[in-house]
Amino acid sequence: DTGVSQDPRHKITKRGQNVTFRCDPISEHNRLYWYRQTLGQGPEFLTYFQNEAQLEKSRLLSDRFSAERPKGSFSTLEIQRTEQGDSAMYLCASSLVSREGPEAFFGQGTRLTVV
Amino acid sequence: AQSVTQLDSQVPVFEEAPVELRCNYSSSVSVYLFWYVQYPNQGLQLLLKYLSGSTLVKGINGFEAEFNKSQTSFHLRKPSVHISDTAEYFCAVSVSGSARQLTFGSGTQLTVLP
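Residue numbers (the numbering used here), protein chains in the order written: chain A, 1 to 115; chain B, 116 to 229.
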């Protein structure tokens with residue numbers, strides 16, 4: 001078990017460019033979540049998948065954001081036409097639905113800076 | 116909808132002193148409760164969770180928390196802190212039985228002073 005892995009760890013991009021982040025969850029976990037964390041704030045929910053199905057999206061997830069989880073394995077989060085307000089830490093988490101209840105394991109995050 | 120309030124944004128404390136980080140939540144349904152710790156430029160690590168049963172929950176690194184349903188609180192405590200406990204601490208809730216997304220508080224920065 002290597003934990004949740006996110007790539008890249010840091011990304012600097014110019015305003016208007018597209019960026020894509022990748023998340024590899026813990027292999028047996030069937031749920032995968034994306035959160036966004038801005039400076040001095042707690043993480044805010046963006047979206048989650050159960051296997052390959054995207055079951056819920058937050059209102060924070062504007063039309064410029066899209067997430068996929070093909071084959072229920074890794075996930076990608078794409079931001080099109082980035083804006084300075086998109087600068088944040090993007091966190092991925094995974095969990096296994098079980099009788100013991102949920103426990104989300106977080107990756108180390110991708111820090112996006114839009115200049 | 117659920118919400119979480121962490122009343123203290125910063126808590127400075129001397130090494131080996133006790134500490135309490137406060138968390139209150141609001142929800143119209145039953146919830147699970149969690150405390151996570153975040154070190155600089157890192158992801159979040161689970162300290163402890165309350166799902167059901169005993170209201171006193173013990174976690175890693177000597178932390179514990181007590182669920183108080185009447186006061187809708189889930190305060191985190193440690194009897195003696197170390198320099199290495201310096202970090203940001205987040206309280207979070209999720210709806211019981213759903214294993215759905217977490218709603219986080221805004222965090223408490225714990226700084227342990229020598």
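Simulated from the structure, these hints should not be mistaken for laboratory data. Keep in mind that a hint or two might mislead.
[Claimed, not checked] For the chain B half of the interface with chain A, some residues (derived, Cβ under 10 Å), not all of them: (1) Pro127; (2) Phe129; (3) Pro133; (4) Val134; (5) Tyr140; (6) Phe149; (7) Gln153; (8) Gln157; (9) Lys173; (10) His197; (11) Asp200; (12) Thr201; (13) Gly220; (14) Ser221; (15) Thr226; (16) Pro229.
[Stated by the list, open to error] Across the chosen pairs, the derived CB separations fall in these ranges: (17) Ser195/B / Arg22/A: 35 to 43 Å; (18) Glu135/B / Gly40/A: 33 to 41 Å; (19) Arg22/A / Gln157/B: 40 to 48 Å.
Predicted, not measured: the structure shown is a model, and the values here were computed from it. Ideal placement from N, C-alpha and C gives every residue a C-beta, glycine not left out.
Checklist entry - Are Lys173/B and chain A close enough, Cβ to Cβ, to be under 10 Å, as the hint says? => result Given a least distance of 15 Å, the restraint on Lys173/B is violated.
Checklist entry - Is 40 to 48 Å right for how far apart the beta carbons of Arg22/A and Gln157/B are? => result Violated, at about 18 Å.
Checklist entry - Does the CB of Gly220/B sit less than 10 Å away from some CB of chain A? => result Because about 5 Å separates Gly220/B from the closest Cβ in chain A, which is inside the 10 Å limit, the hint holds.
Item to check | Interface hint compliance - Val134/B to chain A, C-beta minimum distance less than 10 Å | outcome: The hint is violated - Val134/B has no Cβ within 10 Å of chain A, the shortest such distance being about 19 Å.
Checklist entry - For the hint on Gln157/B, does the least C-beta distance to chain A fall short of 10 Å? => result holds (6 Å)
Checklist entry - With 10 Å as the cut and Cβ atoms as the points, is Pro127/B at the interface with chain A? => result With a closest approach of 17 Å, the Pro127/B hint is violated.
Next on the checklist: Quick check on Tyr140/B please, does its C-beta sit within 10 Å of some C-beta on chain A?
Outcome noted: violated (13 Å)
Next on the checklist: Tell me if the interface restraint on Thr201/B is satisfied: Cβ within less than 10 Å of some Cβ in chain A.
Outcome noted: Since chain A brings no Cβ nearer than about 16 Å to Thr201/B, farther than 10 Å, the hint is violated.
Item to check | Phe129/B as chain A interface residue, shortest Cβ-Cβ below 10 Å | outcome: violated (24 Å)
Checklist entry - Holds or violated: Ser221/B as interface residue toward chain A, Cβ cutoff 10 Å? => result holds (5 Å)
Checklist entry - Per the CB criterion, is His197/B less than 10 Å away from chain A? => result violated (23 Å)
Item to check | Hint validity - Asp200/B Cβ closer than 10 Å to any chain A Cβ | outcome: Because about 19 Å separates Asp200/B from the closest Cβ in chain A, which is outside the 10 Å limit, the hint is violated.
Checked against the numbered hints given earlier, the structure breaks hints 1, 2, 3, 4, 5, 9, 10, 11, 12, 15, 16, 18 and 19 and satisfies all the rest.
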